[in-house]
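Hints are included, so try docking the two chains, each in its own frame, into the full complex.
As a plain string of letters, each chain reads:
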Amino acid sequence: MATDLIPLGDPSLRQKVRLELVVNEERRDLVIDGYKSLLELLREELQLTGTKHGCELGECGACAVLLDGQLVLSCLVAAVECDGRSVQTVEGMQNGPTLHPLQSCFADAGAAQCGYCTPGFLLAAKELLERKPDATRAEIAEALSGQLCRCTGYLQIFEAVEAAAAQLRGGR
Amino acid sequence: MREIRYLSVAAEGPAIRALQADTDATYLAGGTSLLDLMKLEVLNFAQLVDVNAIPLTKIEVSNDGARIGSMVRNSDLALHPEIAARYPLLSEALLSGASPQIRNMATVGGNLLQRTRCYYYRDPSTACNKRNPGSGCAAIDGYNRNHAILGTSDHCIATHASDMCVALAALDAVVHTQGPGGERHIPFAEFHRLPGDHPEIESVLQHGELITAVSLPPPTGLRQSRYLKIRDRASYAFALSAVAAALRIEGNLIRGARIALGGVGTKPWRAVEAEQALVGKPANRATFTLAAAETVRGARTRPHNAFKVELTRRAVVRALSTIRGAS
Chain A
131 MATDLIPLGD
141 PSLRQKVRLE
151 LVVNEERRDL
161 VIDGYKSLLE
171 LLREELQLTG
181 TKHGCELGEC
191 GACAVLLDGQ
201 LVLSCLVAAV
211 ECDGRSVQTV
221 EGMQNGPTLH
231 PLQSCFADAG
241 AAQCGYCTPG
251 FLLAAKELLE
261 RKPDATRAEI
271 AEALSGQLCR
281 CTGYLQIFEA
291 VEAAAAQLRG
301 GR
Chain B
221 MREIRYLSVA
231 AEGPAIRALQ
241 ADTDATYLAG
251 GTSLLDLMKL
261 EVLNFAQLVD
271 VNAIPLTKIE
281 VSNDGARIGS
291 MVRNSDLALH
301 PEIAARYPLL
311 SEALLSGASP
321 QIRNMATVGG
331 NLLQRTRCYY
341 YRDPSTACNK
351 RNPGSGCAAI
361 DGYNRNHAIL
371 GTSDHCIATH
381 ASDMCVALAA
391 LDAVVHTQGP
401 GGERHIPFAE
411 FHRLPGDHPE
421 IESVLQHGEL
431 ITAVSLPPPT
441 GLRQSRYLKI
451 RDRASYAFAL
461 SAVAAALRIE
471 GNLIRGARIA
481 LGGVGTKPWR
491 AVEAEQALVG
501 KPANRATFTL
511 AAAETVRGAR
521 TRPHNAFKVE
531 LTRRAVVRAL
541 STIRGAS
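Going down the list, the sequences are from chains A and B.
Counted the way the working numbering counts, the first sequence spans residues 131 to 302.
Counted the way the working numbering counts, the second sequence spans residues 221 to 547.
Each hint should be verified, as a subset may be incorrect.
Listed below are the simulated DSBU-like cross-link pairs for lysine-lysine, each with C-alpha atoms no more than 35 Å apart in a straight line [to be verified]:
hint : chain 1 : residue 1 : chain 2 : residue 2
1    : B       : Lys259    : B       : Lys278
2    : A       : Lys166    : A       : Lys262
3    : A       : Lys146    : A       : Lys166
4    : B       : Lys259    : A       : Lys146
5    : A       : Lys166    : B       : Lys278
6    : A       : Lys262    : B       : Lys278
7    : A       : Lys166    : B       : Lys259
No lab work stands behind these hints, which were simulated from the structure alone.
Only chain B is shown next, with the shape it has when bound in the complex (with noise of 0.2 Å):
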């Protein structure tokens, strides 16, 4: 039996302090992503620091972009009607994960570090380099249908599970953070990490450092967008493959494109070579195919995982045609 100490806080001070005298302490927030793993013994934290009381819950939305507190529920962020309106890949993407009770609780911060559903990082019995850095994965050589195609290591294969986070992916978000040493504030494509030699890191915060808001540039040309989810049954259920895609048509013509990906990547995964294939080229099937064709290059399958090349390429181009075709 582990002891485990609780310390409830109201402001970031005194929660950036308690972290930075204990090594083994984390932030509870929404606690959907953390109390399962610690009942699991996956993730064994001795001291939780209970957030829930600090008041970084605001939404603000204006000409110049979107302020959105971490501490803000999925629900209340894919439900509110200026972010609907202004962002809606952001909401499709919240709406399109989990479950109603779970985005009641799950926070935009807590999200942010959503862990895996690798099944065998979450099974203590197992080989797993995230959990047990140096052990080996089991994933591998296991059963990898689940697992990465993109951004993988000799070590890992395990996805990012987030479906917020593709979507803030292509918004080009930028996490806000303070800690120890002041604030700081990260574009979202520099926040996680790949796997490489240390998956057991899987983003740039330090210790003790809280997440205290994420910010979205305004949304010009990006209200044409989808979030398309591709999963084993129709809700609550983690991607095999997922597209948050947003263009910008004039005439027929493509000005601008953003496409990041969910359930392939070992972190949330902006195709950035496949906008490029989009931009100044005519809306139509044929290049929407040679962009698809570009999210994948590179790609390491594995035994089980090699069907998402192809699911994930005509998602690309379901996503883009689906906007096409309503816009």
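Just chain A, with the same shape it has in the complex (with noise of 0.2 Å):
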């Protein structure tokens, strides 16, 4: 447990951390500063910059990720709390040089535009098509209202979702 990780006698988390987590399936141990978001963690130590900033206060949805299968919002998660634990980010979610349905469905809708906001709806969206495949457009709009996006007005984007999910339960 990150604990035992932190020097003995000297828990300041401007003190390096030793932490051990796998993210997009690749067991990772790093050494970062105590004080980092798991938002900071994987865009400044490991730049898997597909994570976003936003408002950093969790308002906005740019920065969730899977932890632990759950979508959660990685700037209010301290990287500390993550030692042992398994992330996910949009990195993780091609396959090869495939794209996965999502994200193609994402480009043929136009469901993005400025793309800021893209990666945490690829992650809210896919977390809950595993939950529930055939999801309705009103549980599409519920599992994505923490995700903000000013430039589409989300048509596209449940759209694109549908679509996928469509695919998905094709087996295609």
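Next up, the structure:
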């Protein structure tokens, strides 16, 4: 546990902390600044910049990732809380050169304009469809309600998720 | 730059001892109401004691009631089949709060201590008695549209932000704690404090006291219920006014009633007088309207939040009518 990894006698988060976690199915052994959020760990230590800095206060969803399979806001998770845990980011969605159906459907439906919110939407939609492959429009809207998009007006996003759901159900 | 120390603990004893040893420490659970306020420098704790590894995550439901571990996440509680079946009011309230992402993180214990969304509280450049005792209240003479009309004082008019707590108030929950002085079992109505002269003290918890569980009595007569939340947009917004209501109707007569309000009180607001106005009366609109008037009796409004009086009255009537229609 993280307790043991912080140098004994000096548990200040200004110190370096050793963490072991799995990111996109790859085991990572890291020594990082203790004060960092999971968001900063991903972007600054692992250069996984798909996860975005938005409001930093848990209001916009731009930083959403899957932590042990659950959708969370990485700006409100301290990196030190993630020892021994598993994280999935947008970089882990595609399979080799093949995009995840959600990614290709977002592209086809024009569900991204500036693109800043897209990684969070993709992960929120992925988590939903794994839990509820035949989610209704209302369920999609609810699942994505913590993800803010200021460009699209959401309609294309909902359509993209429905198209991806149909593809995934069809086993394509 | 402030130094913050961090300690992760896996049991209650070490957690309580860590806080006893440091008056400037606090518990870290879901983090959704703590880490954001620390980033804003509204809260400035020197030590975080991470209690996420303490296994207080059980939900036990029986004919004697329910016991919910304090580390249960809001989404797990809301979607628990027996909670949803026996305490639909609680599920409905939880699912109306925040977003799925935040509900996956937020805990029951943390939600009891959710901080207000008063814009002045969250802005350290302004006066706020809750944030900086004695500095004044910028909301009273400022923009106070989202502020409280019940339970206010001359020092604070901030609302309590939680939806879960409104349902717990209606359901007569008990908060169980473990602390330096042993265990306590605190009736919900006594858990949160009115702001009075000390708005910075929001609950009766002592420093180091750890919430271990919330229990609920059997839901007798409470299954016909409704959580109605009125807000600026249909999802992911805080309540302007919220009503947790339950009715037990036999024939056409009301035999039992519970009403609690959110978004209008400085603490989760149980409306006992309104409940008394319902019991023994016919379950019709006239009765509901009389009871609704009771909920806001004594309301003290400010220039921008006077609309909450009529909004709350109508929300109460609608919540009760919906239950009546469904029963």
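Hints broken by the structure, by number, lowest first?
Nothing - there is no hint that the structure violates, so all of them hold.
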